[in-house]
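Trainee: Here the protein sequences line up with chains A and B, keeping their order. Convert by adding 1003 to the 1-based position in the first sequence; the result is the number in the working numbering. Convert by adding 9 to the 1-based position in the second sequence; the result is the number in the working numbering.
No lab work stands behind these hints: they were computed from the structure. Backbone N, C-alpha and C define an ideal beta-carbon position, used for all residues, glycine too. Treat the hints with care, since some could be wrong.
Stated by the list, open to error - The calculated BS3-like cross-link candidates involving lysine-lysine, where the alpha carbons are at most 30 Å apart (straight line), are:
id: 1; chain 1: A; residue 1: 1073; chain 2: B; residue 2: 66
id: 2; chain 1: A; residue 1: 1039; chain 2: A; residue 2: 1073
id: 3; chain 1: B; residue 1: 53; chain 2: A; residue 2: 1073
id: 4; chain 1: B; residue 1: 53; chain 2: A; residue 2: 1039
id: 5; chain 1: A; residue 1: 1101; chain 2: B; residue 2: 66
id: 6; chain 1: B; residue 1: 18; chain 2: A; residue 2: 1039
id: 7; chain 1: B; residue 1: 18; chain 2: B; residue 2: 66
id: 8; chain 1: A; residue 1: 1101; chain 2: A; residue 2: 1054
id: 9; chain 1: A; residue 1: 1101; chain 2: A; residue 2: 1073
id: 10; chain 1: B; residue 1: 53; chain 2: B; residue 2: 18
To be verified - Label-pair distances were calculated between CB atoms; the ranges are:
id: 11; chain 1: A; residue 1: 1080; chain 2: B; residue 2: 105; range: 26 to 32 Å
id: 12; chain 1: A; residue 1: 1081; chain 2: B; residue 2: 91; range: 41 to 47 Å
id: 13; chain 1: A; residue 1: 1021; chain 2: B; residue 2: 26; range: 38 to 44 Å
id: 14; chain 1: B; residue 1: 23; chain 2: A; residue 2: 1080; range: 44 to 50 Å
id: 15; chain 1: A; residue 1: 1042; chain 2: B; residue 2: 71; range: 24 to 30 Å
id: 16; chain 1: A; residue 1: 1081; chain 2: B; residue 2: 84; range: 41 to 47 Å
Stated by the list, open to error - Which chain A residues face chain B? A few, computed with CB under 7 Å, are given here:
id: 17; residue: 1015
id: 18; residue: 1045
id: 19; residue: 1106
In case you want the letters, here they are:
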Amino acid sequence: GQQLNQSPQSMFIQEGEDVSMNCTSSSIFNTWLWYKQDPGEGPVLLIALYKAGELTSNGRLTAQFGITRKDSFLNISASIPSDVGIYFCAGLTGTASKLTFGTGTRLQVTL
Amino acid sequence: NAGVTQTPKFRILKIGQSMTLQCTQDMNHNYMYWYRQDPGMGLKLIYYSVGAGITDKGEVPNGYNVSRSTTEDFPLRLELAAPSQTSVYFCASSYSGGTHGYTFGSGTRLTVV
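Take these sequences, add in the hints, and give me the full structure.
Mentor: Here it is, written out as C-alpha cells:
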C-alpha cells in the first residue's frame, strides 16, 4: 500500500528555535493534512492543503503542499514548550475514502 | 457538541477474554475509522466504514470485528484477546472521507496480560 515517510523521526530543540519537518511519498496525493498528537490524546488537525504549491499558515505553523504533489512540509517558528508532541502528515488520493498517515515526527522542546 | 466519544478510556484484559470498544459520534459523519497506535509508533488502520451497514478491512484487521448498524456508533470487538493487541485504540470520523480531515476520539488504552 501507499506509504508516507516523515523525517526526522524525532527532534530535540530548544525553546525559541524554528522547526522544519517533511513528509514524502512515492505516490501523488490531492490533499495533504498535518496533525498534532499531544501525549495521551488523539491527533488534532492543524492544517489542510488542497493545491500543489499552496502555502498555508496557522499561527506559528506554516505548511506547504509540494509542487510534485508527492511531498509536504511543516514549519514551526519560535517553538514553545506546548509544541511538544507527535506531528503526523496525512494524504488523500482522489478516489480514496481514507487517509494515509505518515510515520510521525516526535518533537521535544527543552527550556 | 461532544465530537467523537470513546469508552472505556482504560482497560486491562486477560489473555483469551473478549471486549467491545465503544465509539460514538454526534456530527452525523458517514465515515468512521478504527486505528491502533503501538508505543512510539504511527497509526495503523484496523477497520473503517463509509456508512451505516457498510464496513471494510484496513491494514491490520486480524483479531478484530466491527459493525455499523447506525450512523452514530462504530463499536470494535476483540475476541480472544492476545498480548499483541496491547495498544492505544483511536476511533475517528469524517464527513467527506478525509478531504477535511478526521475528528479523533481521545483513545482507549488497552493492556492484555
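Trainee: A separate judgement is required for each hint: does it hold in the structure or not?
Mentor: Each hint, compared with the structure:
About 26 Å separates the Cα atoms of residue 1073 of chain A and residue 66 of chain B, which keeps this hinted pair within 30 Å; it holds. Straight-line distance between C-alpha atoms of residue 1039 of chain A and residue 1073 of chain A comes to about 21 Å, which keeps the hinted pair within the 30 Å bound. The straight-line distance between the Cα atoms of residue 53 of chain B and residue 1073 of chain A is roughly 21 Å, inside the 30 Å bound, and the hint therefore holds. Of the pairs offered as hints, the one joining residue 53 of chain B and residue 1039 of chain A holds, with about 16 Å between alpha carbons and a cut-off of 30 Å not exceeded.
Of the supplied pair hints, the one linking residue 1101 of chain A and residue 66 of chain B holds, its CA atoms being roughly 11 Å apart against a limit of 30 Å. Straight-line distance between C-alpha atoms of residue 18 of chain B and residue 1039 of chain A comes to about 20 Å, which keeps the hinted pair within the 30 Å bound. With a CA separation close to 24 Å, the supplied pair residue 18 of chain B and residue 66 of chain B stays within the 30 Å bound. For the given pair, residue 1101 of chain A sits about 19 Å from residue 1054 of chain A by alpha-carbon distance, which is consistent with the 30 Å threshold.
For the hint linking residue 1101 of chain A to residue 1073 of chain A, the alpha-carbon distance of about 17 Å falls within 30 Å, and the restraint holds. For the hint pairing residue 53 of chain B with residue 18 of chain B, the CA-to-CA distance comes to about 19 Å; that is within 30 Å, so the pair holds. The hint said 26 to 32 Å for the Cβ distance between residue 1080 of chain A and residue 105 of chain B, and at roughly 30 Å that hint holds. Between residue 1081 of chain A and residue 91 of chain B the C-beta distance comes to about 46 Å, which sits within the given range of 41 to 47 Å.
For residue 1021 of chain A paired with residue 26 of chain B, a C-beta distance near 49 Å fails the hint of 38 to 44 Å. Between residue 23 of chain B and residue 1080 of chain A the Cβ separation comes to about 49 Å, which falls inside the hinted range of 44 to 50 Å. Between residue 1042 of chain A and residue 71 of chain B the beta carbon distance is about 29 Å. The supplied range of 24 to 30 Å therefore holds. Hint check: residue 1081 of chain A to residue 84 of chain B, Cβ distance near 43 Å, so the stated range 41 to 47 Å holds.
Annotation: residue 1015 of chain A was flagged as interfacial toward chain B, and the flag is violated, the nearest CB pair being 15 Å apart, outside 7 Å. Taken as an interface hint, residue 1045 of chain A checks out: its beta carbon lies about 3 Å from the nearest beta carbon of chain B, inside 7 Å. Taking 7 Å as the C-beta cut-off, the interface hint given for residue 1106 of chain A holds, the closest approach to chain B being about 5 Å.
Of the hints listed earlier, those the structure fails to meet are numbers 13, 17, in rising order.
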